[in-house]
Amino acid sequence: NADVMQNPRHLVRRRGQEARLRCSPMKGHSHVYWYRQLPEEGLKFMVYLQKENIIDESGMPKERFSAEFPKEGPSILRIQQVVRGDSAAYFCASSPGKEQPQHFGDGTRLSIL
Amino acid sequence: AQSVTQPDIHITVSEGASLELRCNYSYGATPYLFWYVQSPGQGLQLLLKYFSGDTLVQGIKGFEAEFKRSQSSFNLRKPSVHWSDAAEYFCAVAGNQGGKLIFGQGTELSVKP
Chain Z
1 NADVMQNPRH LVRRRGQEAR LRCSPMKGHS HVYWYRQLPE EGLKFMVYLQ
51 KENIIDESGM PKERFSAEFP KEGPSILRIQ QVVRGDSAAY FCASSPGKEQ
101 PQHFGDGTRL SIL
Chain X
1 AQSVTQPDIH ITVSEGASLE LRCNYSYGAT PYLFWYVQSP GQGLQLLLKY
51 FSGDTLVQGI KGFEAEFKRS QSSFNLRKPS VHWSDAAEYF CAVAGNQGGK
101 LIFGQGTELS VKP
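Protein chains in written order, with this note's numbering: chain Z, 1 to 113; chain X, 1 to 113.
Keep in mind the hints are simulated off the structure, nothing from the lab. Since we're looking at a predicted model, the values are computed, not measured. Some hints here could point you the wrong way.
[Unchecked claim] The calculated lysine-lysine pairs, modelled on DSS-like cross-linking and capped at a C-alpha distance of 30 Å, are:
| # | chain 1 | residue 1 | chain 2 | residue 2 |
| --- | --- | --- | --- | --- |
| 1 | Z | Lys27 | X | Lys61 |
| 2 | Z | Lys51 | X | Lys49 |
| 3 | Z | Lys44 | X | Lys68 |
| 4 | X | Lys68 | Z | Lys98 |
[Said to hold, decoys possible] Computed Cβ-Cβ distance ranges for the label pairs, DEER-style:
| # | chain 1 | residue 1 | chain 2 | residue 2 | range |
| --- | --- | --- | --- | --- | --- |
| 5 | Z | Pro39 | X | Ser26 | 22 to 32 Å |
| 6 | Z | Ser66 | X | Gly16 | 46 to 56 Å |
| 7 | Z | Leu38 | X | Asp54 | 29 to 39 Å |
| 8 | Z | Ile54 | X | Gln45 | 21 to 31 Å |
| 9 | Z | Gly16 | X | Lys61 | 39 to 49 Å |
| 10 | X | Ser18 | Z | Arg15 | 46 to 56 Å |
| 11 | Z | Val12 | X | Thr30 | 24 to 34 Å |
| 12 | X | Gln45 | Z | Leu38 | 41 to 51 Å |
| 13 | X | Gly28 | Z | Gly97 | 45 to 55 Å |
| 14 | X | His82 | Z | Gly16 | 43 to 53 Å |
| 15 | Z | Gly16 | X | Pro7 | 26 to 36 Å |
| 16 | Z | Lys62 | X | Ala29 | 24 to 34 Å |
| 17 | X | Gly16 | Z | Glu72 | 50 to 60 Å |
[As the list claims (entries may be wrong)] If you only want the chain X side, here are some residues facing chain Z, beta carbon under 10 Å, derived:
| # | residue |
| --- | --- |
| 18 | Tyr25 |
| 19 | Gln38 |
| 20 | Gln42 |
| 21 | Lys49 |
| 22 | Leu56 |
| 23 | Phe63 |
| 24 | Ala92 |
| 25 | Gly99 |
| 26 | Lys100 |
| 27 | Leu101 |
Glycine included, every Cβ here is placed at the ideal spot set by N, Cα and C.
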């Protein structure tokens, strides 16, 4: 799944720090989705963006989490003032259109000390 | 609200045996349906998808799935399992206009030699 590039692959933060997760979609894909996979749970949708616009953020926690997908550059998922419960694998997916299948990156494993 | 149920958390089959992974969904209309596979530490790889048309869909790696509207099911099958098929399998649904995916809890497949 290397065509959707996520970095870093692993990220360690202390409680209260900020975490920034990056996602470069596949070439030609303008739709980006973020999902979170908590231990022992399935994948949960967080946010859906299409170049510079947030289309659906119904899965985003109301506080501390934000996402952007600027005209130039990767999509960023930002978590402010991280807490232990934010420890999870965060996956990005991209597609060329809303009705097209999503292709996933290998994820960022976030650990909070 | 959309939901996906994978009744089997863990399945063990012998190499060469047939496989069926169950998936039931809840959605008001005919959704888009997907099966993804995830190996440890990796992202999700799309095995197959159903949008419309023939209810028996073929995917990669010898997998197939059948959409049964009357049973709200989309079970994944493979006639002969290989040791390399050991992984976690996720069924997912999207609305018929695409967008966010709703995932089941996943089924972990182990393959005995």
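Hint check results:
no. : hint                           : result
1   : Z/Lys27 to X/Lys61             : holds (25 Å)
2   : Z/Lys51 to X/Lys49             : holds (25 Å)
3   : Z/Lys44 to X/Lys68             : holds (25 Å)
4   : X/Lys68 to Z/Lys98             : holds (24 Å)
5   : Z/Pro39 to X/Ser26: 22 to 32 Å : holds (25 Å)
6   : Z/Ser66 to X/Gly16: 46 to 56 Å : holds (50 Å)
7   : Z/Leu38 to X/Asp54: 29 to 39 Å : holds (36 Å)
8   : Z/Ile54 to X/Gln45: 21 to 31 Å : holds (27 Å)
9   : Z/Gly16 to X/Lys61: 39 to 49 Å : holds (44 Å)
10  : X/Ser18 to Z/Arg15: 46 to 56 Å : holds (49 Å)
11  : Z/Val12 to X/Thr30: 24 to 34 Å : violated (44 Å)
12  : X/Gln45 to Z/Leu38: 41 to 51 Å : violated (21 Å)
13  : X/Gly28 to Z/Gly97: 45 to 55 Å : violated (23 Å)
14  : X/His82 to Z/Gly16: 43 to 53 Å : holds (47 Å)
15  : Z/Gly16 to X/Pro7: 26 to 36 Å  : violated (41 Å)
16  : Z/Lys62 to X/Ala29: 24 to 34 Å : holds (30 Å)
17  : X/Gly16 to Z/Glu72: 50 to 60 Å : holds (51 Å)
18  : Tyr25                          : violated (14 Å)
19  : Gln38                          : holds (9 Å)
20  : Gln42                          : holds (6 Å)
21  : Lys49                          : holds (5 Å)
22  : Leu56                          : violated (18 Å)
23  : Phe63                          : violated (15 Å)
24  : Ala92                          : holds (8 Å)
25  : Gly99                          : holds (6 Å)
26  : Lys100                         : holds (4 Å)
27  : Leu101                         : holds (6 Å)
Hints 11, 12, 13, 15, 18, 22, 23 from the earlier list are contradicted by this structure; the remaining hints agree with it.
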